[in-house]
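Participant: One letter stands for each residue in the lines below.
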Amino acid sequence: MSAGAVGRAHPRLEGREKVTGTARYAVEYPLDDVTYAWAVPAAAVRGRITRIDPDPALAVPGVLTVLHHGNAPRLAAGVEAELHLLQDPVVHYRGQLVALVVAESIEAAREGARHVLIEYDTEPHSTVLTADHPGLYRPEKVNPGYPTDTTEGNFDAAFEAAEVRVDVTYRTPAYHNNPMEPHATTAQWRDGQLLLHDSNQGSTAVQAALAELFEIPRESVRVISEHVGGGFGSKGYPKAAVVLAALAARQVGRPVRLALTRQQLFGPIGYRTPTIQRVRLGSDADGRIAAICHDAISQTSTLTEFAEQTAVYTRSMYAAPHRRTTHRLVRLDVPTPFWMRAPGECPGAYALESAMDELAAACGIDPIELRIRNEPTVDPDQGHPFSSRNLVACLTEGARRFGWADRDLRPGTRRDGRWLIGTGVAGSSYPARARASAATATAFPDGGYLVRINATDIGTGARTALWLVAADALGVPPERVDIRIGDSDLPPAGVAGGSMGTASWSWAVVRACQELRDRLGHHSGTLPPEGTTVAASTADEVRAQQPMARYAYGAQFAEVRVDVDTGEVRVNRMLGVFAAGRVVNPTTARSQLIGGMTMGISMALHEEGLLDERYGDWVNHDLATYHITGCADVEQIEAYWVDEEDPDLNPAGVKGLGEIGIVGTAAAIANAVRHATGVRVRDLPIRLDKLIGTSSFT
Amino acid sequence: MQNGSGSATVAGDERSSRVAFTVNGTRRELTLDNRTTLLDALREHLDLIGAKKGCDHGQCGSCTVLLEGRRVKSCLIFAVTLDDCSITTVEGLAGPDPLAPLQEAFIAHDAFQCGYCTPGQLCSARGMLDEVAAGWPSAVTDDLTGAVRLTDAEVRERMSGNLCRCGAYPHIVAAIRETAGER
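So the protein lines, in turn, are chains A and B. UniProt numbering puts the last residue of the first sequence at 698; the count rises by one with no breaks. UniProt numbering puts the last residue of the second sequence at 183; the count rises by one with no breaks.
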């Protein structure tokens, strides 16, 4: 690619629409004859519906129908248990969406939902994850296809023989994605064709799933997702809202708008599983690790197996000749966990990067130096070479920018009035993957170009990034290029998730643009009025990629202050340095990295799904009681990156940076809290009651 | 501020009332279900979809609009209580061209990602700057007697009723500070 648009800061293309309120999201398209749906959650945890009486709901003026398992249109079985909605009377978890009221207005639908009478036969339930749960089992594999357990050398013997040993258990609670736009869909059927305006992270997958569920050709489903109000993983695969809206629209023969309520986002759309993680590190007195073991426990539902890859992070992060990782799972009567920003890596890194800090303290060496001493030369897991690995550069550059030098290793030594001050650091890594995608590029006689790909911009800046990549690949100024994304009628592309959106999509865009340039180079005379179009798919190229260890890296630094009387923790400043390949658009890249770290602050200090075992549900299922980081919580936060050219990735040379920002952040904060107070909190979030009860605060 | 005296129940339908208010300078007359919130009136009856529904419970701030110039959460107000009131939504912060300085600053500072909380942030910021100009103190204001100095801490405190899950807070603060400096 010629030097040009890529790498220069550019405001996002849809900025004007977003600041003027004209960007339309899923349930905001003007429609005649529209109806409104409201979902009804199950009040039982485990059991069966024995009776549904819709009559009181139907008596509400404006209510058109009540859908439930006894009358809803039939869906094909075997697509995905989570999506087999309103098909049978079995209740798998409290809050499962078991009925749907459709009405002429939101108000009538909402009132109707309160009046659907449902009776249940209930059975005893189990909803709390424990380390000794009798249902613990070893899944066949963990997401997205990794071996469940790995072992190398002889961990037990090496750990026993180690001069310094750390053996600690960390716990993380359920975390809820909470994108600001709820899962929402407008569904319309016309002559057997299903048109959906839907909030998702990849409408190609939504199109495929809905076609299968309704047993219609894929071409009969069109999914438009022009603007999406965040997802953070929870919209990475079709979920309840889109299926319920399509069922309802078929039933009433009119367009249906359905937005889940905020309360309904705490369960039916997935969440980050709670984890229990035992980490053992054995080293010599200088901190050179001989033995490393990470045993992770998490939960899934009785509907679907979701096996979070919590310990996978430990397989490739630091060197050690003797290593072991395991995953165990238990099926509980809970909603199925799902992806949330850096699933696996994020909670896994909290544990490992905290344990590294504990090892550094036990050895009496600087935690950055400890990480440098255990830097591997090849991937410790598979033995593959790294396509590029710049963790050390992130640590050292971060240390310079943050002002890490001359830090007193001893905890509890800095005090400013009533505040104890401490600093902490953590490493981060996240896989740099790509998935097959397709794109077209068109040249018009007026000198303009159009690039089409069903990418999704959930706020990442993907639309703008692909536009810049396309311009450079075409060798023209960006102003001559139009980019179209967010519509399943466009060439199919992978999900906006797993930090692989830009890598996957830009690959197809570059190939389409290059082929168009080749075509035009051989072309003489004027172009036809409709332009000249070429199509490209990266399926073969992606499949042919040589096995290598491809990861983005990062280092997060935190300075915290802790109130000596109340135990309140505040983050004075956060700083992250990242190595994520080429940065296409510094403007949106910085926003993503800062956003990831901000969600990490939230994870460390604020968020916690509090489950009431009696009702098998989270009691704090709204934004008043489930706390996410607010504006006042982010005092100073900075993101930087190191220059990184990696020829073994993809044509644009990008690694993706949607997740790397969050990965180590919670550990950096926990490590800073320990440095400030001497108290090691091993169960997130770091609430003040976990600090003030300790000897450091009495 | 909220004046219910002029609204009238619709004959034969005690669930609905007629209401007339001004939105972005245009007088609007509507017959609405008495339970319709201002947010749903804007979104479902006037196709003003700038105000967003993030929680419907006054907890996230995405639905923030200006009512008689003051920021309110439009999901917590019944529309039929607003007879003769004046409402400004994000669509009314400026004409389509040019943008208001606040809107320009949000674009320049990349003060949003997904954009869903953005209309609420903008309306909240507009109302907040007017509160500061009027000398209203906040929980972090040291001197309660003089003019408010709009520090980062003041902006952060005053904007904490508007949640942003993408984490654009530092850019929101920078955009607002820059705009305040222009005033």
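None of these hints come from the bench; they were simulated from the model. One should not assume that every hint holds.
Stated by the list, open to error - Distance ranges between label pairs, derived from CB positions:
| hint | chain 1 | residue 1 | chain 2 | residue 2 | range |
| --- | --- | --- | --- | --- | --- |
| 1 | B | T31 | A | T566 | 37 to 43 Å |
| 2 | A | E541 | B | E68 | 57 to 63 Å |
| 3 | A | R573 | B | G135 | 28 to 34 Å |
Claimed, not checked - If the Cβ cut is set under 7 Å, some of the chain A residues that face chain B in the computed set are:
| hint | residue |
| --- | --- |
| 4 | P11 |
| 5 | G15 |
| 6 | V19 |
| 7 | G21 |
| 8 | A23 |
| 9 | M180 |
| 10 | E181 |
| 11 | E479 |
| 12 | G595 |
| 13 | L623 |
| 14 | H627 |
| 15 | G630 |
| 16 | I637 |
Remember, predicted model here, so these are calculated numbers, not experimental data. For each residue, glycine too, the CB sits at the ideal point set by N, CA and C.
Participant: Hint by hint, note whether the structure agrees.
Facilitator: Against the structure, the hints come out as follows:
Take B:T31 and A:T566: their Cβ atoms lie about 53 Å apart, and the range 37 to 43 Å is violated. Checking the proposed 57 to 63 Å range against A:E541 and B:E68 shows it holds: the Cβ atoms sit about 60 Å from each other. A hinted range of 28 to 34 Å for the beta carbons of A:R573 and B:G135 is consistent with their spacing of about 31 Å. Interface hint at A:P11: satisfied, since its Cβ lies 5 Å from the closest Cβ of chain B, which is below the 7 Å cut-off.
Taking 7 Å as the C-beta contact cut-off toward chain B, the hint placing A:G15 at the interface holds, the least distance being around 4 Å. The interface hint given for A:V19 is met, as the beta carbon of that residue sits about 4 Å from the closest beta carbon of chain B, less than 7 Å. At a threshold of 7 Å, the smallest CB-CB gap from A:G21 to chain B is about 2 Å, leaving the interface hint in force. Checking A:A23 against chain B by beta carbon gives a least distance of about 6 Å; that is within 7 Å, so the hint holds.
Using the Cβ-Cβ criterion of 7 Å, the hint placing A:M180 at the interface with chain B is satisfied: the shortest such distance is roughly 4 Å. With a least beta-carbon distance of about 4 Å to chain B, the hint placing A:E181 at the interface is held under the 7 Å criterion. The interface hint given for A:E479 is violated, since its Cβ lies 17 Å from the closest Cβ of chain B, which is over the 7 Å cut-off. Taken as an interface hint, A:G595 checks out: its beta carbon lies about 3 Å from the nearest beta carbon of chain B, inside 7 Å.
Interface hint at A:L623: satisfied, since its Cβ lies 4 Å from the closest Cβ of chain B, which is below the 7 Å cut-off. Given the 7 Å rule on beta carbons, the hint for A:H627 is violated: about 10 Å separates it from the nearest Cβ of chain B. Interface hint status for A:G630: upheld, as the beta-carbon distance to the closest one in chain B is roughly 4 Å, under 7 Å. Hint status for A:I637: holds, given a least beta-carbon distance of 6 Å to chain B, under 7 Å.
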